[in-house]
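Participant: Letter by letter, the chains look like this.
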Amino acid sequence: MGKMERFPFVVLVAGLLFFLFADFISWALPIFVLKDIPMKKVSDLAAEAKAKNTSAWADFERIAMYYPEQFKKYYGEVNEKSFEKALRIGHHWYVAEGCWNCHSQMIRPVSNETLRFGIPGVSNTVSYPSEYQNELQAPVLWGTKRIGPDLIREAAVHNVDWQVAHLYDPQTTSPGSNMPGYPWYFEKDKNGNIVPNERGIGLLTYIMWLGSWEVKPTKEWALK
Amino acid sequence: MAAATTTAGEVQLTNLVNYTLVKLHVAMGLIFFIIVGLMGFLYSLQLDGIYPFPGIEFLSPGRVRMIHTAGAAYGFLVNMFTGLLYWAVPRFTGYKVFDEKYLGGFMFIGLQAAVLITVVAILFLGQADNVEWGETPWWLDPIIVAWLLLHAVQFGTPILKASQKAPLYVTGWYVSAMLVWTPLVVFMGNFIPRFWSAGSGAGAVQSTFIHDLVGLYVTPVAWGLMYYFVPVIMKKPMWSHGLSLLGFWGLAFFYPMNGVHHFLWSPIPMFAQYSAVFATVAIEFAVTSVLINFMMTLRGSAEVLKYNVPLRYMYTGAIFYWITCFQCAFHVTLTFQKVIHFTDWVTGHAHLIMFGTFGMWVLGMAEYVWPRLFGKETMYSKGMSEGAYWLLTIGVIAMFVDLTAAGLVQGFDWIGLNPWIDSVNFSKPFWYFRSVAGIMMLTGLLMYAMNFYKTATAGKGLEAQLRNA
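Chains as they are written, first to last, in full-length UniProt numbering: chain A, 1 to 224; chain B, 1 to 469.
There's no promise every hint is true.
Partial chain A-side listing against chain B, Cβ under 10 Å, derived [unchecked claim]:
hint, residue
1, A28
2, V110
3, L167
4, P183
5, N191
No lab work stands behind these hints: they were computed from the structure.
Using N, Cα and C, we set each Cβ at its ideal position, and we do this for glycine too.
Please put together the full structure from these sequences, using the hints given.
Facilitator: Now the structure itself:
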């Protein structure tokens, strides 16, 4: 008994040994199990979006078409590089505003969550490990609280126009919502119209990217 | 209680403790507590649909909320704990801390600077991390780890010295384990998920951090201090030394494994989730053994709680602790988790543990220590002490019950697949009530802080008056 009450014993056994054992189970083993899933960088995600012509890519072009002056000013041309830049900026401000405090990014296989947050008409869209294995989920944005809905399949749920209105004044699109407005993602152009600024375009791109890997682009949208 | 706490005479003990450091840390902790309380209240107003600062970027609710959590952990609890450790560690070991003047001063300034930089970075620079309790920007995290290593040197030295002469008292086990855990936990939680791993594997690490900052810094320090202050105030030893050992080693073995229970039903491999569920249920037994020890220590002298407000804070917090852990053992089961995860139930749980338990404990301990730091016999006003205690206790119970109920309403509403906005509307009455509970807690805190201020500044005449009264 006496030994268990000494500093070196406590530090080595309780402090190091037990801690490392716990970490081995809840950290090293899961990483080992998941090791075959490739880890993607943001540039890979951008390249993939363009190559597969996902809805995120189409929405990125749409944003460039809606707000040509803003887009040209902050992002230049529609290409993989500017898409990557927009994703990075959008993700940065999504984290900085604490969006993840109220909007989770994980659909659990319980409580009919796939029906509520999944892609309309597609029954099985539970979150799976490989969709998180990328730079934008380091650290993961699963969240621990939902006040607003889950966003991991947001690309399938609302379009860009809706997102713009929602971001500027949430009550216009979702009456009764208690989300605050984010007017600092917008500025006035020459004609006095309210248009997204650099951060706004980034955030819109990021939100419309969420779940786009599961969504087929609509047929009527022709790429130039 | 082990001999170390009581062998040296009172005069010798007072020379061991640097009063200025205790005063500074406790005062700053209290100031930050009020600030983060206000921040929490601001955030709760947003849930009620009231926006005090619409369109002001740096006071956006999402950012204010991060100050609430990060500030509660680093500004309030770390400050309070450090202050109380400066009081307790030299007293139960019989040795001074490593260096009071330079290291102590440096650590004090460093901590306040780290908290203020975090506030500026999150509110004005948009530099938050999306790790709960770890919202400090990533470029500040190495400095925090370095601070924690200094912390380990400062408090590890006297504990090591004492340990070479005799077996350590319980507080010593908890504190020495904490000194190793905390730098490891902070390093693990802030660097691995960001730089060396991503996705589900990183999620497992992150959840371990969410749990272990509370589990492996806050819990061991708080239990350690409880093991020091309760016997000192009651002037009798703990009921069972064997149970102390059982509680400590149970906590040390099972607690670090608990983390993944924050992300049940997630893409994290299932064996990690099961191990977390198992460990969380097991921890309940360790906690209950500790609680039995404290309750049996109280046996025969329960009437002390009537007169002694600090002790009452501690035992109230202990009961809240048992409720939280009991609740924990249930809601980490996969069945419960279906309903209550992502709801306000979790928020209620977090408030009961951080405010109800650890908050109440440090407030009690600080109230015991504070008059002694200024050479007074009692706090300035007994009425204010009592008033603050009741406001805080009733406030936190109200918030806990309210948020737990709100969590159930939300969870079952979501399962019912009603339109999303329904769950927001149904929650509104609960959120209004939560703001009211928040006002109660804030009022209690302000009353408590006022009492502290008056105790520190009131003249000797008043002290004499109190003695005569």
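Participant: Each of the hints needs a verdict: does it hold here or not?
Facilitator: Here is how each hint holds up against the structure:
1. A28: Nearest chain B Cβ about 9 Å off; hint holds.
2. V110: 4 Å, holds
3. L167: Nearest chain B Cβ about 12 Å off; hint violated.
4. P183: With a closest approach of 5 Å, the A:P183 hint holds.
5. N191: 22 Å, violated
In the structure shown, a violation is registered for the earlier hints numbered 3, 5, in ascending order.
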